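**Student:** Just so you know, the protein sequences line up as chains Z and E, in that order.
When the count follows our numbering, it moves up by one through the first sequence with no breaks and lands on 303 for the last residue.
When the count follows our numbering, it moves up by one through the second sequence with no breaks and lands on 258 for the last residue.
Mixed in with the good hints, there may be bad ones.
What the hints assert, rightly or not - Per label pair, the in silico range of CB-to-CB distance: (1) Gly-152(Z) with Leu-31(E): 47 to 55 Å; (2) Glu-31(Z) with Lys-200(E): 50 to 58 Å; (3) Asn-29(Z) with Asp-81(E): 51 to 59 Å; (4) Asn-167(Z) with Thr-218(E): 31 to 39 Å; (5) Gln-27(Z) with Pro-192(E): 54 to 62 Å.
As the list claims (entries may be wrong) - Covered by chain E, according to a simulated footprint, are these stretches of chain Z (three or more residues, beta-carbon under 8 Å): (6) 80 to 92; (7) 121 to 128; (8) 165 to 174; (9) 219 to 226; (10) 236 to 246; (11) 262 to 270; (12) 280 to 292.
Simulated from the structure, these hints should not be mistaken for laboratory data.
Everything numeric in this text was worked out from a predicted model, so none of it was measured.
Even glycine gets a Cβ: it sits at the ideal position worked out from N, Cα and C.
Here's the letter readout for the chains.
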Amino acid sequence: MKALLVGEYREGKLLESTYELIGFAKQLNAEFDLFMVGSKDQLPQVDAKLYLADVTTVGEYNPSLHKQLILEAADKAGADTIVFLHSSSGWDLAPRVALALNAAQVSEVVEVTADGYLLPACNAKLRRTVKSATAKTVVTLQGGAFMAADPGGAPQVEELSSSADGNTEFGGYEQAEAGEVDLGKAEIIVSAGRGVGKPENVEMIQALAKALGGEYGASRPVVDAGWVPHDRQVGTTGQVVSPKLYVACGISGAIQHLAGMKKSEFILAINTDKDAPINEVADVLVVADIKQFAPALTAKLEG
Amino acid sequence: MNILVCIKQVPDMESRFKIAASGTWFEESDLAWRINEYDEFAVEQAVQLKEQLGDSDLTVLTIGPARVKEALKKSLAMGCDRALHVVDDAAHEKDPFQIASTIAAFAKEKSFDVIFTGMQSQDRGSGQVGVLVGELLNIPALTTAVEFACEDGAVTVRRELEGGLKAVVKAQTPALVTCQLGLNTPRYPTLPNIMKAKKKELLEVPVNDLLNEESRLTALSLTYPEKKGSALILEGEISDLVDKVIGILKEKTAVLAK
Ligand SMILES: Cc1cc2nc3c(=O)[nH]c(=O)nc-3n(C[C@H](O)[C@H](O)[C@H](O)COP(=O)(O)OP(=O)(O)OC[C@H]3O[C@@H](n4cnc5c(N)ncnc54)[C@H](O)[C@@H]3O)c2cc1C
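Let's have the full structure, built from the sequences with the hints guiding it.
**Tutor:** Okay, structure coming up:
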């Protein structure tokens, strides 16, 4: 395998996730080069060839132009495998590159097996093993699935440039407004998932959080529905937390939620579905209706 | 304006999945089916765009066996004007490239101004089909939209990045947008609209009329995850469960020490 790893850079910074790509290549003992849209001031620390396109000329977001640059780098590198993170940047660019290379794309790889790539299916309740049927393959890696390589060394940089226009216009970034809580500081978090059923039931989650002396949080659908403000969302597109106790109430345990709370010291999950993937990270899974269990636990704690 | 929304029907994720005899997919009997969650946001956005513009035509498309008609009927009841069922009893064997090629073959001649898809499906989650359709049609594809606006022949979306960050991006139509959770609040079809939907056009076309591409991926197996978790599973009466949990919290954590 000769891999081209597509590193990530945002708002003037190299993203740490780039080291997961390097970790992946090292784990497979694959020969690799890197490509990045970025800056000479923010180079990944690695002894490897790096094709670098200057962000000030090609922009942080410009998929049609970035695709061209990646194709050029892949060609120069003689790469047969192009590797991205399965991130907002990776899942946007990877299919474009795959199509241009007549290559199969394997999305959200969690493991490389003897015969192919292992991927999650059905909210991580199942796993699929697939194999590429094309000469070249585009791969996106699930965040956290491969151990990041330790930074070390200095890349050998070759600059790529392009003046072509893209077919999209980038209008800048918007940061989420700071809210009333910093869940990152909470020692106990009780989170409401879709399993709580209706907005009124968020109150019983708040009550349990209070009885335990902690904060309440939520999974994304509960936030999207407007039942709980966004600053209380736990997960990749919310907060990453690691409290002493995390109580997941009616939360299935999708990867994007787990990424936000799996480092918690002790995880208690309450779910009617014993097979819910939250059981992969939970210390205790109580198989019960949260609407009965939460008030009962609160009452006992207060009593 | 001519609008297309592409949807997929998926099993309810709370189902118990049984691996099928083929060893590469799950048993489809005994499952409850619904519109892919991401696609519900796509349908809603397409209907809102049609309502905003007035004079426009909205087609909903899906690929699959007979059961997927339910998903089309719900979309028609939500406000789509017409539906196309690409009939394929083996849709689950197709890879994202084949699905996208099928859609693009249909869309090629229809000159849609805006195409919506979900950002990914709940069962496969590959997140490829929308972008591939855009690339095959050679139109801009904006992914992971959590906000959408269409004005003066251009679409503007807020793309969701990690950690609460969003990027504002814009493209001229024709353009394709992939929809992320929370983009809007999908409506429930009302009874009168369900009745009206029964009179709307629902065409069928066999997949082989549209698809001429080989699969680029080979499915080797479908398996249950290796049991990584060491979760202690507690079942029984609520009051016993409460006592057990308090005991465990006292023993294993310091949170009840006060
Ligand atoms: C790019 C991207 C980013 C995302 N970012 C995030 C993020 O930051 N945070 C996040 O949480 N999600 C995120 N998601 C969404 C994620 O994939 C899941 O859709 C979401 O986490 C599901 O939330 P949930 O577990 O509450 O709901 P569901 O998956 O619907 O699960 C509900 C659970 O409740 C259980 N249940 C039902 N009724 C009861 C009852 N009465 N008592 C007890 N249990 C019950 C069910 O068995 C089920 O397990 C993201 C998705 C994408 C694609």
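**Student:** Starting from the hint 51 to 59 Å, judge whether the C-beta atoms of Asn-29(Z) and Asp-81(E) obey it.
**Tutor:** Holds, since Asn-29(Z) and Asp-81(E) (Cβ atoms, about 55 Å apart) stay within the stated range.
**Student:** Counting residues of the segment 80 to 92 of chain Z whose CB is closer than 8 Å to a CB in chain E, do you get three or more?
**Tutor:** As far as the segment 80 to 92 of chain Z goes, the hint holds, because 6 residues have Cβ atoms under 8 Å from chain E.
**Student:** Given that the segment 236 to 246 of chain Z was listed as covered by chain E, double-check it with a C-beta distance under 8 Å for 3 or more residues.
**Tutor:** Coverage by chain E holds here, the residue count being 6 at a Cβ distance below 8 Å.
**Student:** Can the segment 219 to 226 of chain Z be counted as covered by chain E under the rule of three residues or more with Cβ-Cβ separation shorter than 8 Å?
**Tutor:** holds (count 5)
**Student:** Check the following: the C-beta atoms of Gly-152(Z) and Leu-31(E) are separated by a distance inside 47 to 55 Å.
**Tutor:** Since Gly-152(Z) and Leu-31(E) have Cβ atoms about 49 Å apart, the given range 47 to 55 Å holds.
**Student:** For the segment 280 to 292 of chain Z, does the count of residues with a C-beta closer than 8 Å to a C-beta of chain E reach 3?
**Tutor:** holds (count 10)
**Student:** With a Cβ-Cβ cutoff of 8 Å, does the segment 262 to 270 of chain Z contain at least three residues near chain E?
**Tutor:** holds (count 4)
**Student:** Can you tell me if the segment 165 to 174 of chain Z counts as covered by chain E, using C-beta to C-beta distances under 8 Å and a minimum of three residues?
**Tutor:** holds (count 8)
**Student:** Taking the CB of Gln-27(Z) and the CB of Pro-192(E), does the distance hold inside 54 to 62 Å?
**Tutor:** 58 Å, holds
**Student:** Are Glu-31(Z) and Lys-200(E) spaced within 50 to 58 Å by their CB atoms?
**Tutor:** Roughly 56 Å apart at Cβ, these two residues keep to the hinted range, so it holds.
**Student:** Confirm or reject the coverage of the segment 121 to 128 of chain Z by chain E under the rule of 3 or more residues with a beta carbon closer than 8 Å to the chain's beta carbons.
**Tutor:** Our answer is that it holds, as 8 residues pass the Cβ test (under 8 Å) against chain E, meeting three.
**Student:** Confirm or reject the claim that Asn-167(Z) and Thr-218(E) have a C-beta distance inside 31 to 39 Å.
**Tutor:** 33 Å, holds
Consistency note: the structure conflicts with none of the earlier hints.
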